[in-house]
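There are 2 protein chains.
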Amino acid sequence: MSVSSSQSAASRNLKIGIVGFGPFAQFLAKTMIRQGHILTATSRSDYSELCANLGISFFRDVNAFLEAENDVILICTSILSLRQVLNSMPLHHLKRPTLFADVLSVKEHPRDALLRVVPEDSDVLCTHPMFGPESGKDGWKGLNFMFERVRIRDEAICSSFLQIFDSEGCRMLEMSCEEHDKLAARSQFLTHTIGRTLAELDIQYTPIDTKRFETLVQLKEGTMKDSFDLFSGLFLHNRFAQQELQNLELALNKVKQKLVEKMNEEQDLNDSKDQEHSR
Amino acid sequence: MSVSSSQSAASRNLKIGIVGFGPFAQFLAKTMIRQGHILTATSRSDYSELCANLGISFFRDVNAFLEAENDVILICTSILSLRQVLNSMPLHHLKRPTLFADVLSVKEHPRDALLRVVPEDSDVLCTHPMFGPESGKDGWKGLNFMFERVRIRDEAICSSFLQIFDSEGCRMLEMSCEEHDKLAARSQFLTHTIGRTLAELDIQYTPIDTKRFETLVQLKEGTMKDSFDLFSGLFLHNRFAQQELQNLELALNKVKQKLVEKMNEEQDLNDSKDQEHSR
Chain G
1 MSVSSSQSAA SRNLKIGIVG FGPFAQFLAK TMIRQGHILT ATSRSDYSEL
51 CANLGISFFR DVNAFLEAEN DVILICTSIL SLRQVLNSMP LHHLKRPTLF
101 ADVLSVKEHP RDALLRVVPE DSDVLCTHPM FGPESGKDGW KGLNFMFERV
151 RIRDEAICSS FLQIFDSEGC RMLEMSCEEH DKLAARSQFL THTIGRTLAE
201 LDIQYTPIDT KRFETLVQLK EGTMKDSFDL FSGLFLHNRF AQQELQNLEL
251 ALNKVKQKLV EKMNEEQDLN DSKDQEHSR
Chain X
1 MSVSSSQSAA SRNLKIGIVG FGPFAQFLAK TMIRQGHILT ATSRSDYSEL
51 CANLGISFFR DVNAFLEAEN DVILICTSIL SLRQVLNSMP LHHLKRPTLF
101 ADVLSVKEHP RDALLRVVPE DSDVLCTHPM FGPESGKDGW KGLNFMFERV
151 RIRDEAICSS FLQIFDSEGC RMLEMSCEEH DKLAARSQFL THTIGRTLAE
201 LDIQYTPIDT KRFETLVQLK EGTMKDSFDL FSGLFLHNRF AQQELQNLEL
251 ALNKVKQKLV EKMNEEQDLN DSKDQEHSR
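Residue numbers (the UniProt record's numbering), protein chains in the order written: chain G, 1 to 279; chain X, 1 to 279.
None of these hints come from the bench; they were simulated from the model.
Some clues are possibly wrong.
Which copy? The list can't say, so a pair holds if one copy fits it or any two copies do.
[Stated by the list, open to error] Here are the simulated DSSO-like pairs of lysine-lysine, each with C-alpha atoms no more than 27 Å apart in a straight line: (1) K220 / K254; (2) K211 / K30; (3) K15 / K262; (4) K256 / K30; (5) K137 / K256; (6) K95 / K273; (7) K273 / K220; (8) K254 / K182; (9) K211 / K137; (10) K225 / K273; (11) K254 / K225; (12) K225 / K211; (13) K137 / K262; (14) K256 / K141; (15) K262 / K225; (16) K258 / K30; (17) K254 / K137; (18) K95 / K225; (19) K182 / K273.
Please build the complete structure, drawing on both the sequences and the hints.
Put into structure tokens, the structure is as follows:
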């Protein structure tokens, strides 16, 4: 893993075609447009009106979208729909080599899926912006951006794409998709699991909250703004997640065990005191 | 439950004798001294040097401590040692009616223990400042302070004692010890349980942390600054805690169940697609 320093490489305006125009894509698009990039989009739902307002050409027809000669095709689908969406795209319609980049929250899964379908002369860049509309609402400065140059020949295009995030002040982290998934299973997936567990418990603010409890209510509320599809994608398509879920269960069990042991100790102590008194 | 507004009742300087002079008592004592109250202390460990530095008379001999004619005896022991400490105090040595107040993180337990041993002509006030050296390091303004007037005849002394917290800007919450314990089992105890579970998991900052995960690492680190004795006290002496621990386990189990169901759904979907393809 390495942290890139801010590159001064000449970056150029890109033609970026976004596949899947949900909230996260919309969030990224705003910054890209501000930076002067030319955006088009396609999605299973109809976002033509929203796109028109943003100055983005929306294509309902995926063939027309692919023929628009983008420098970058940016995959912003949900994790669960990735394979189906890729399979439905007639990628032989591409007129020239293109950089395929993705922003999914798991990384080995889109890497493998892209390598399977992307034409041999096109490049593949896997990325994960570790932020979203909430944590990135006041800018992206200091927020983590992970990427792996999976198959890059056109360095200029790849570098211009990374500049989008680098120039906003993101902490650029180059690491393998495997390393990402290992770390994310222990961090992002666990965070979502705890947030959803707190939602199942239906925790609410009380009149006597401690500051730490307040952060848990905030965690619950933040997590529930994300879809269950995202959460289950983090689990189903990160091969390290199942083990971390087991680890979490074991850890909770150990904590419980320690409490039970302490309860027995205290009971023994009280019993022996009672015996002393009764002598 | 009611929230008291800032009282303008004339408050006076009190003679406060602290029983148990650990970190939390030391933290409270600094503000009480600044406000002009006269403090004495006794503790199972020898804090005579620390007390001398703070301008507090420290008594190793509990008889002498009790004969010092305090307005308030403030119980700051750990939850687990409360009964033993109270039993070891020859309260018949008191020269006059005294307000017994406590600041323990569970409330029915000290209420019952105090009512059992405090002389009939002395008063009992149960309180829980919902903050500590960490969350209260920049002042107590807006922090929650719970209390129940369990047995109060001397309103002037009780009110002067509450003024210590009210005048610092605490949110004063009058509620029953039972209501406190119900709410705290779902908030403070759960928070400690999750913090300790994360410590068992040994979660650490990673290079690709999300903001939400960072709050969990902070929660873990904050929780582990508190003793296991405090945590087990929250469990053993709050009759609502055991149920909340069970609820937490059930909630985690439900979240897991939902993931497994989704996994099976996706598997079925893939199987049916494979069958379509093989036709």
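Here is what the structure says about each hint:
In the homo-oligomer, the alpha carbons of K220 and K254 lie at most 27 Å apart both inside one protomer (24 Å) and across protomers (15 Å), since each shortest distance falls under that limit. For a Cα distance limit of 27 Å, the shortest separation of K211 from K30 across copies, 21 Å, qualifies, whereas the shortest one inside one copy, 34 Å, does not. Within a single copy, K15 and K262 get their C-alpha atoms no closer than 64 Å, and across copies no closer than 37 Å, so neither meets the 27 Å cut-off. In this assembly of identical chains, K256 and K30 lie within 27 Å of each other by CA distance neither inside one copy nor across copies; the values are 47 Å within and 36 Å between.
In this assembly of identical chains, K137 and K256 lie within 27 Å of each other by CA distance neither inside one copy nor across copies; the values are 39 Å within and 31 Å between. For a Cα distance limit of 27 Å, the shortest separation of K95 from K273 qualifies neither inside one copy, at 86 Å, nor across copies, at 30 Å. In this assembly of identical chains, the alpha carbons of K273 and K220 never lie at most 27 Å apart, being 44 Å within a copy and 36 Å across copies at closest. With identical chains, the CA atoms of K254 and K182 are at most 27 Å apart both within one copy (23 Å) and between copies (24 Å).
In this assembly of identical chains, the alpha carbons of K211 and K137 lie at most 27 Å apart whether taken from the same copy (23 Å) or from different copies (12 Å). Taking the shortest alpha-carbon separations for K225 and K273, neither the intra-copy value of 53 Å nor the inter-copy value of 31 Å comes in at or below 27 Å. In this assembly of identical chains, the alpha carbons of K254 and K225 lie at most 27 Å apart only when taken from different copies (19 Å versus 31 Å within one copy). Taking the shortest alpha-carbon separations for K225 and K211, both the intra-copy value of 22 Å and the inter-copy value of 15 Å come in at or below 27 Å.
In this assembly of identical chains, the alpha carbons of K137 and K262 never lie at most 27 Å apart, being 46 Å within a copy and 31 Å across copies at closest. For the homomeric pair K256 and K141, neither the shortest alpha-carbon distance inside one copy (41 Å) nor that between copies (35 Å) is at most 27 Å. Proximity of K262 to K225 under the C-alpha cut-off of 27 Å is restricted to the inter-copy arrangement: shortest distance 19 Å between copies versus 39 Å within a copy. For the homomeric pair K258 and K30, neither the shortest alpha-carbon distance inside one copy (50 Å) nor that between copies (34 Å) is at most 27 Å.
In this assembly of identical chains, K254 and K137 lie within 27 Å of each other by CA distance neither inside one copy nor across copies; the values are 39 Å within and 32 Å between. Proximity of K95 to K225 under the C-alpha cut-off of 27 Å is found in neither arrangement, the shortest distances being 39 Å within a copy and 61 Å between copies. In this assembly of identical chains, K182 and K273 lie within 27 Å of each other by CA distance neither inside one copy nor across copies; the values are 51 Å within and 30 Å between.
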